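Residue numbers (our numbering): 2 to 398.
Check each hint, because a few of them may be wrong.
[Stated by the list, open to error] Subject to a maximum C-alpha distance of 30 Å in a straight line, what follows is the list of computed DSSO-like cross-link-like pairs (lysine-lysine): (1) K182 <-> K88; (2) K188 <-> K71; (3) K395 <-> K202; (4) K88 <-> K395; (5) K265 <-> K135; (6) K362 <-> K36; (7) K36 <-> K220.
No wet-lab data here; the hints were simulated from the structure. Nothing here was measured: the structure is a model prediction, and the numbers come from that model.
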Amino acid sequence: MKIKSLVILFLGLNLAFPGRAQQEKTDSSYHFTLKKEIPHTSVKDQYRSGTCWSFSTLSFFESELIRTGKGEFDLSEMFCIRDAYEKKAERYVRMQGSLNFGGGGAFHDVLHTIVQRGIVPENIYPGLNYGENKHVHGELDAVTKAYVDAIIKNPNRKLSTVWPEGFKGILDAYLGKVPEKFTYNGKEYTPRSFADMLGIKEDDYICLTSYTHHPFYKKFILEVPDNWAWGELYNLPLDELMEVMDYALENGYSVAWAADVSEKGFAYNKGLAVIPETDVAELTGSEKARWEKLTEKERASQMYNLDRIVPEKKVTQEMRQKEFDNYQTTDDHGMHMVGYGFDQFGNKYYYIKNSWGADNKFDGYFYASVPFVRLKTMDIMVHKNAIPPAIRKKLGL
Numbered sequence: 002m003k004i005k006s007l008v009i010l011f012l013g014l015n016l017a018f019p020g021r022a023q024q025e026k027t028d029s030s031y032h033f034t035l036k037k038e039i040p041h042t043s044v045k046d047q048y049r050s051g052t053c054w055s056f057s058t059l060s061f062f063e064s065e066l067i068r069t070g071k072g073e074f075d076l077s078e079m080f081c082i083r084d085a086y087e088k089k090a091e092r093y094v095r096m097q098g099s100l101n102f103g104g105g106g107a108f109h110d111v112l113h114t115i116v117q118r119g120i121v122p123e124n125i126y127p128g129l130n131y132g133e134n135k136h137v138h139g140e141l142d143a144v145t146k147a148y149v150d151a152i153i154k155n156p157n158r159k160l161s162t163v164w165p166e167g168f169k170g171i172l173d174a175y176l177g178k179v180p181e182k183f184t185y186n187g188k189e190y191t192p193r194s195f196a197d198m199l200g201i202k203e204d205d206y207i208c209l210t211s212y213t214h215h216p217f218y219k220k221f222i223l224e225v226p227d228n229w230a231w232g233e234l235y236n237l238p239l240d241e242l243m244e245v246m247d248y249a250l251e252n253g254y255s256v257a258w259a260a261d262v263s264e265k266g267f268a269y270n271k272g273l274a275v276i277p278e279t280d281v282a283e284l285t286g287s288e289k290a291r292w293e294k295l296t297e298k299e300r301a302s303q304m305y306n307l308d309r310i311v312p313e314k315k316v317t318q319e320m321r322q323k324e325f326d327n328y329q330t331t332d333d334h335g336m337h338m339v340g341y342g343f344d345q346f347g348n349k350y351y352y353i354k355n356s357w358g359a360d361n362k363f364d365g366y367f368y369a370s371v372p373f374v375r376l377k378t379m380d381i382m383v384h385k386n387a388i389p390p391a392i393r394k395k396l397g398l
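Start from the sequences, fold in the hints, and give me the full structure.
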């Protein structure tokens, strides 16, 4: 009797108040349902620093530590950034200035720091030694660049033996000296022993991309300015790169994700990244009828205000390559892919953790459509077991 009454009540409520899903299906604005979310740490803020690569990679490794049962950690981004500055300065001087020198970097830079130098918790090395509460690196970037430029001018006609120490002195002043030892949860560590305790191994992590100007299933150095360390990535066909990301998320692995977010279809405040199809000839049915009524100016305006779901481009390998070749896709931003979801019409989106604080529509996260990820992904890093076995075999892993 009680069950029957509940059923009648449920049916009555549904008749009186149509369900949210039904409402959303008639609503053309974006509504998302998160289907899969990989455990991860809180959103951080890189603020006014070009250090997304360190924030995103450490967020990725923090997820890995949760996945492997090590627990939740907040690791120091500035420890990795300082190490990269030192290595970058040495290479810049050896190359006599023919190398990119700035705040940018890549996923493998963080992995190399952990393996070669170790790592420390955030509270041990926050890197805020210059009167700010948030990371503001304009002055630091300018001063370090001016220093190495002065060195390569070689005013003494022979480089001194102490120029590296002078460079480290700048980093000490702005970021603080690196501790030789520290205490964490009642135990004493060095940066090296702390990294050893975490158990992050270089051979466990693989960087992947997809471009046709190099052979598939081989490694190559991705030709972008922030790859100052000339790190190699495995090259996959686009469909297989997407397969890796999907397989990883389905099997409990997150993905370190680098992409170009300079597109007009990237609207961080709205929590959305899409690739609108602005060519009416590519549309069909009611979508074509709706958009072809508008002028080109009206179409562009409505496509990119993103107040309603827009049709998106069908992204091919050739389209992706063309945009990389003609600078429409550039090395731009490192983020952390931590899940996926769907809009009310069943379109899939990847759930992305950013490092710009938590003040957008989705508290520091956004949804990137499949076309956006296909077109604008620069490269990814995953655990080797997050790669489907058939693809691992093709890569010889």
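Outcome of the hint check:
1. With a C-alpha separation of about 22 Å, the suggested pair K182 and K88 falls inside the 30 Å cut-off, and the hint holds.
2. Under the criterion of a C-alpha separation no larger than 30 Å, the hint pairing K188 with K71 is consistent with the structure, at around 16 Å.
3. Between K395 and K202, the direct Cα distance comes to roughly 22 Å. Compliance with the 30 Å bound is thereby established for this hinted pair.
4. At most 30 Å may separate the alpha-carbon atoms for a hinted pair to count; K88 and K395 exceed this at roughly 33 Å.
5. Between K265 and K135 the CA atoms are separated by roughly 28 Å; this keeps the pair inside 30 Å, and the hint holds.
6. Note on K362 and K36: the hinted pairing holds, with a Cα-Cα distance of about 18 Å set against a maximum of 30 Å.
7. The hinted pair formed by K36 and K220 fails the criterion: a straight-line CA distance of about 33 Å is larger than 30 Å.
Consistency with the previously given hints fails for numbers 4 and 7, ordered from lowest to highest.
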